[in-house]
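Take these sequences, add in the hints, and give me the full structure.
Position 78, counted from 1, in the sequence shown is what this note's numbering calls 62; the numbers after and before it change by one each time, with no gaps.
None of these hints come from the bench; they were simulated from the model.
We put the CB at the ideal spot given by N, CA and C, even for glycine.
Between beta-carbon pairs, the in silico distance windows are:
| id | residue 1 | residue 2 | range |
| --- | --- | --- | --- |
| 1 | K(-12) | E28 | 43 to 51 Å |
| 2 | D(-6) | M39 | 27 to 35 Å |
| 3 | E20 | E52 | 18 to 26 Å |
| 4 | Q9 | R56 | 19 to 27 Å |
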Amino acid sequence: MPYKDLEHDDPMNLVGIVLPGEPGQVEAMAECIVEEYVRLGWDERRLFSLFVSPMFLATHRIYRQKGESYIRGLIHETWCRYHPPAKEVICG
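Here is the structure:
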């Protein structure tokens, strides 16, 4: 609880918005999330779990809207962009 009421333009004031709002924002948000975790070294199984679990609202919403094959393809494509191909992973 804040000690005092915040001004309407205070940068520390929490503001909730509905995302995404425009066409293409779901895909852009998915790409950013996947890229961030791939660059941290998360493998496909671990990263995919963020999308299938309803506990993670934003990623689960993307999963419901775009489907499993879209998410798996995005993870694979992004992984191949940032990591050299291993024997068990075919990039291309």
